[in-house]
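K.L.:
Spelled out from the first residue to the last, the chains are:
Number of protein chains: 2
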Amino acid sequence: MPDEPATGSTIRRGEARERILQAAASVIAHRGVRQMRIEDVARAAGISNGLLYYHFGDRSGLVRAALEHANAQAPSTLDSVVGDGTDGVRSRLVAALLAELDEAPQVRNNSVVWNEVSASAIFDPALREALGRVTDDWNAKVVRAVEAAVADGSARAPGGAADAAEYLTTMIEGLSLRWLAGTMTLDRAREHLRAAVEHVLPGTAE
Amino acid sequence: MPDEPATGSTIRRGEARERILQAAASVIAHRGVRQMRIEDVARAAGISNGLLYYHFGDRSGLVRAALEHANAQAPSTLDSVVGDGTDGVRSRLVAALLAELDEAPQVRNNSVVWNEVSASAIFDPALREALGRVTDDWNAKVVRAVEAAVADGSARAPGGAADAAEYLTTMIEGLSLRWLAGTMTLDRAREHLRAAVEHVLPGTAE
Chain A
1 MPDEPATGST IRRGEARERI LQAAASVIAH RGVRQMRIED VARAAGISNG
51 LLYYHFGDRS GLVRAALEHA NAQAPSTLDS VVGDGTDGVR SRLVAALLAE
101 LDEAPQVRNN SVVWNEVSAS AIFDPALREA LGRVTDDWNA KVVRAVEAAV
151 ADGSARAPGG AADAAEYLTT MIEGLSLRWL AGTMTLDRAR EHLRAAVEHV
201 LPGTAE
Chain B
1 MPDEPATGST IRRGEARERI LQAAASVIAH RGVRQMRIED VARAAGISNG
51 LLYYHFGDRS GLVRAALEHA NAQAPSTLDS VVGDGTDGVR SRLVAALLAE
101 LDEAPQVRNN SVVWNEVSAS AIFDPALREA LGRVTDDWNA KVVRAVEAAV
151 ADGSARAPGG AADAAEYLTT MIEGLSLRWL AGTMTLDRAR EHLRAAVEHV
201 LPGTAE
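Protein chains in written order, with the numbering used here: chain A, 1 to 206; chain B, 1 to 206.
Treat the hints as calculated values from the structure; they're not laboratory data. Do not take every clue at face value.
[Unchecked claim] Computed Cβ-Cβ distance ranges for the label pairs, DEER-style:
{"id": "1", "chain 1": "A", "residue 1": "P202", "chain 2": "B", "residue 2": "G46", "range": "54 to 62 Å"}
{"id": "2", "chain 1": "B", "residue 1": "G46", "chain 2": "A", "residue 2": "E18", "range": "46 to 54 Å"}
{"id": "3", "chain 1": "B", "residue 1": "A99", "chain 2": "A", "residue 2": "G160", "range": "37 to 45 Å"}
For each residue, glycine too, the CB sits at the ideal point set by N, CA and C.
Based on the sequences and whatever the hints tell you, model everything.
P.N.:
Structure, rendered in structure tokens:
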């Protein structure tokens with residue numbers, strides 16, 4: 001990788017990346033992936049086009065990085081789901097899954113980014129590999145949480161952890177699409193997600 | 001409405017509409033709603049731009065009509081689900097729901113159109129009303145089929161017909177998005193849909 005170009009700025013490398021990724025999420029959330037222009041993201045991040053290209057290579061690299069960033073910030077991929085706690089893992093997993101459906105701007109922006117990259121991948125094979133990778137990563141983290149919930153006795157997974165995780169993450173994508181497109185309220189989406197959890201990951205105390 | 005413009009063609013009114021809508025579905029399926037150009041649709045349909053504008057008013061009118069056309073052709077909205085048959089309504093409804101996930105070009109194109117309009121509605125409030133209307137229509141048709149399946153004794157709907165229908169159509173949207181984006185096989189999507197049906201619309205013979 002070439003040396004980082006001089007920018008006249010004192011922002012550090014990781015900080016610049018983070019600012020660019022948040023700006024990209026915001027631009028995508030307002031206009032969509034296909035309307036995202038590099039110069040708008042650079043302006044929103046307060047950095048030069050050159051620094052943006054330095055960090056992400058090209059437009060496609062920025063879209064993939066925005067998707068990975070959205071995935072890394074997803075509530076249900078947080079390590080705290082499986083970490084120590086006084087309550088069972090199941091209740092923390094349920095809370096983390098429900099937190100994917102939330103009006104908070106960062107959650108909503110990440111949800112739009114995820115949906116936009118998915119919708120764009122239908123037409124852009126270059127995005128499919130990255131999308132497949134983050135989808136696998138999301139599923140795998142939910143699988144680990146489901147297994148931990150079964151192991152600590154707080155849940156059962158009658159159809160297996162892998163099926164339960166993929167079923168739930170797919171349902172979240174369907175619910176998010178309706179919520180973001182305005183055809184379902186957030187409350188209703190959360191009700192359906194609670195029902196889906198009862199179906200594939202019933203609690204043991206009931 | 002103004003008189004239909006002379007086109008030098010003998011195609012009839014309904015035929016022209018149908019050709020335009022199929023051409024629009026095909027263009028959207030290959031490029032997306034946001035990349036759809038009126039002149040490409042007119043060329044694919046073999047009609048003039050003027051005739052297309054005559055039938056649909058503007059670009060937004062064409063997108064809404066393409067969505068309504070996709071909805072009208074959806075297997076699970078077919079009247080035959082509830083009509084006469086020797087088997088129970090449930091098995092016909094399950095078959096119709098599964099038929100939404102199919103490689104047949106017309107099914108796939110309609111699925112892309114539906115997903116594209118949903119994704120575009122996030123950024124385009126003008127599409128939301130039309131999307132809300134066809135989503136309500138789809139849900140209502142599945143509700144009627146669920147009620148008929150309960151009435152003929154072939155299924156139970158423990159959470160009620162309205163919840164079951166919305167749950168299933170939302171799951172189909174999530175599964176379609178993964179299938180179209182290439183992150184889930186069609187077989188796997190159909191497995192998850194069968195599981196969802198077992199959850200909210202169990203059969204009575206099991």
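K.L.:
Could you run down the list of hints and mark each one as holding or not?
P.N.:
Hint check results:
1. Hint check: P202 (chain A) to G46 (chain B), Cβ distance near 56 Å, so the stated range 54 to 62 Å holds.
2. G46 (chain B) and E18 (chain A) have their C-beta atoms about 52 Å apart, which keeps the hinted 46 to 54 Å range intact.
3. Distance hint check for A99 (chain B) and G160 (chain A): the Cβ-Cβ separation is about 27 Å, which falls outside the suggested range of 37 to 45 Å.
The structure shown violates just one earlier hint, number 3.
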